[in-house]
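**Q** Single-letter residue listing:
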Amino acid sequence: SQQGEEDPQALSIQEGENATMNCSYKTSINNLQWYRQNSGRGLVHLILIRSNEREKHSGRLRVTLDTSKKSSSLLITASRAADTASYFCATDERNNRLAFGKGNQVVVIP
Amino acid sequence: ETGVTQTPRHLVMGMTNKKSLKCEQHLGHNAMYWYKQSAKKPLELMFVYNFKEQTENNSVPSRFSPECPNSSHLFLHLHTLQPEDSALYLCASSQDPSATEAFFGQGTRLTVV
Numbered sequence: 002s003q004q005g006e007e008d009p010q011a012l013s014i015q016e017g018e019n020a021t022m023n024c025s026y027k028t029s030i031n032n033l034q035w036y037r038q039n040s041g042r043g044l045v046h047l048i049l050i051r052s053n054e055r056e057k058h059s060g061r062l063r064v065t066l067d068t069s070k071k072s073s074s075l076l077i078t079a080s081r082a083a084d085t086a087s088y089f090c091a092t093d094e095r096n097n098r099l100a101f102g103k104g105n106q107v108v109v110i111p
Numbered sequence: 024e025t026g027v028t029q030t031p032r033h034l035v036m037g038m039t040n041k042k043s044l045k046c047e048q049h050l051g052h053n054a055m056y057w058y059k060q061s062a063k064k065p066l067e068l069m070f071v072y073n074f075k076e077q078t079e080n081n082s083v084p085s086r087f088s089p090e091c092p093n094s095s096h097l098f099l100h101l102h103t104l105q106p107e108d109s110a111l112y113l114c115a116s117s118q119d120p121s122a123t124e125a126f127f128g129q130g131t132r133l134t135v136v
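Top line first, the protein sequences correspond to chains A and B.
So for the first sequence, this note's numbering puts the first residue at 2; every next one is plus one.
So for the second sequence, this note's numbering puts the first residue at 24; every next one is plus one.
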């Protein structure tokens, strides 16, 4: 079954810098979602982008989707220490079940 | 606070013990899920319930037994677990099972000794 795969796996940046993560998937999708997980806690939904959308914004988050390349990117602008977390992309599989990638750990250094 | 509550937050159990994980949501959602999260692995979907009926079991060993008495509560009964079952178990709910936004609980950190 297909699942999102994030790249890079780990990212360390200074506070105030932008953080960019990519996600690739294998089959066609209806939507792609990004989630954040703070250490040892549950996942929190950040943003959903539909297959007919190319870009979406939510606060300091910007998500793009390129269905021709089967990839998505998540940009966090002006990062803060509180953005330190793992970020997961999730796609809907053929039977409409969410499939998550392994996650992308982001560390924002104050 | 996502509206999905899991208890306990931490659990240590021996391989011969029987324990249960509890999940509760009052979001009015119809679908509930159990996921397993192990280090360095993607989130694994274990069970899906829709309107209290189990609609999916992803080849989960029988030592994990889910129960959904109503659409607001979900349990995971554990029996004769193995050390490799140690993981973070996450409950989630969504309005329906069609992969819309999922709301996750904080998880139960399970350690099998």
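No lab work stands behind these hints: they were computed from the structure.
Treat the hints loosely; a few may be bogus.
[Said to hold, decoys possible] Straight-line alpha carbon distances no greater than 27 angstroms define the calculated BS3-like cross-link-like pairs of lysine-lysine that follow: (1) B:Lys75 with A:Lys57; (2) B:Lys59 with A:Lys27; (3) A:Lys70 with B:Lys63; (4) A:Lys27 with A:Lys57; (5) B:Lys64 with A:Lys70; (6) B:Lys64 with A:Lys71; (7) B:Lys63 with B:Lys75; (8) B:Lys45 with A:Lys27; (9) B:Lys64 with B:Lys42; (10) A:Lys103 with B:Lys63; (11) A:Lys27 with B:Lys64; (12) B:Lys64 with A:Lys103; (13) A:Lys103 with B:Lys59; (14) A:Lys71 with B:Lys63.
[To be verified] Covered stretches of chain A (chain B as the covering partner; in silico rule of three or more C-beta atoms under 8 angstroms from a C-beta of chain B): (15) 41–47; (16) 81–87.
Even for Gly, the Cβ is constructed at its ideal location relative to N, Cα and C.
**Q** Against this structure, judge whether each hint is valid.
**A** Evaluation of the provided hints:
no.: 1; hint: B:Lys75 with A:Lys57; in the structure: violated (34 angstroms)
no.: 2; hint: B:Lys59 with A:Lys27; in the structure: holds (22 angstroms)
no.: 3; hint: A:Lys70 with B:Lys63; in the structure: holds (26 angstroms)
no.: 4; hint: A:Lys27 with A:Lys57; in the structure: holds (21 angstroms)
no.: 5; hint: B:Lys64 with A:Lys70; in the structure: holds (24 angstroms)
no.: 6; hint: B:Lys64 with A:Lys71; in the structure: holds (21 angstroms)
no.: 7; hint: B:Lys63 with B:Lys75; in the structure: violated (31 angstroms)
no.: 8; hint: B:Lys45 with A:Lys27; in the structure: violated (34 angstroms)
no.: 9; hint: B:Lys64 with B:Lys42; in the structure: holds (24 angstroms)
no.: 10; hint: A:Lys103 with B:Lys63; in the structure: holds (7 angstroms)
no.: 11; hint: A:Lys27 with B:Lys64; in the structure: holds (18 angstroms)
no.: 12; hint: B:Lys64 with A:Lys103; in the structure: holds (6 angstroms)
no.: 13; hint: A:Lys103 with B:Lys59; in the structure: holds (12 angstroms)
no.: 14; hint: A:Lys71 with B:Lys63; in the structure: holds (23 angstroms)
no.: 15; hint: 41–47; in the structure: holds (count 6)
no.: 16; hint: 81–87; in the structure: violated (count 0)
Hint compliance for this structure: hints 1, 7, 8 and 16 are broken, all remaining hints hold.
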